[in-house]
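*Asks:* Sequence:
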Amino acid sequence: MEGKIQEIEKIKLKKPKKYNAIMFNDDFTTMEFVVFVLVDIFKKSELEANKIMLDVHNKGRGIAGTYSYDIAMTKVNMALELAKKEDFPFKMTVEEVRI
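Position 64 of the sequence shown, counting from 1, maps to 64 under the UniProt record's numbering, and the rest follow consecutively.
You may find that some hints are simply not true.
Unchecked claim - Restraint ranges, calculated between C-beta atoms of paired labels, are given here:
#1 F36 with Q6: 18 to 26 Å
#2 K43 with K10: 36 to 44 Å
#3 I5 with Y69: 35 to 43 Å
#4 N50 with E9: 23 to 31 Å
#5 F36 with K14: 32 to 40 Å
#6 N77 with D26: 13 to 21 Å
#7 K85 with D55: 18 to 26 Å
#8 D70 with I5: 37 to 45 Å
#9 S45 with Y69: 23 to 31 Å
#10 I71 with K12: 18 to 26 Å
#11 K51 with I5: 56 to 64 Å
#12 K15 with T74: 36 to 44 Å
Said to hold, decoys possible - Result set (EDC-like, lysine to aspartate or glutamate): computed pairs, CA atoms no more than 20 Å apart in a straight line:
#13 K43 with D55
#14 K75 with D40
#15 K75 with E46
#16 K84 with E9
#17 K17 with E95
#18 K15 with E81
#19 K91 with D55
#20 K14 with D70
#21 K17 with D70
#22 K51 with D40
Derived by calculation from the structure, the hints in this document are not laboratory data.
Note that the structure is predicted; figures quoted are calculated from it, not measured.
Where is the CB? At the ideal position from N, CA and C, for every residue including glycine.
Produce the entire structure from the sequences given, and follow the hints as far as they go.
*Replies:* Here it is as structure tokens:
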């Protein structure tokens with residue numbers, strides 16, 4: 001009686017890529033609105049939101065969070081939609097995290 005040989009196929013799984021949701025400074029969007037977006041949409045604490053808002057204000061841009069692509073895009077689109085409703089020229093984008 002012969003034994004059965006079973007081939008085991010190894011599947012390599014890649015971790016999903018991560019993306020930063022980036023906020024950009026402008027001269028019209030209020031700091032309060034930026035903090036509100038960070039707390040309400042990106043679920044940051046008030047302290048964290050204020051730090052990110054100051055980065056945006058002082059450095060011209062800040063990272064609102066790091067997520068999978070779909071989540072990053074959803075949050076950015078929600079923020080942009082809210083800014084549009086409030087008549088702010090607020091800008092955000094999604095950038096792939098480079099290691």
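*Asks:* So which of those numbered hints doesn't the model satisfy?
*Replies:* Result: hints 1, 4, 12, 16, 18 break, sorted rising.
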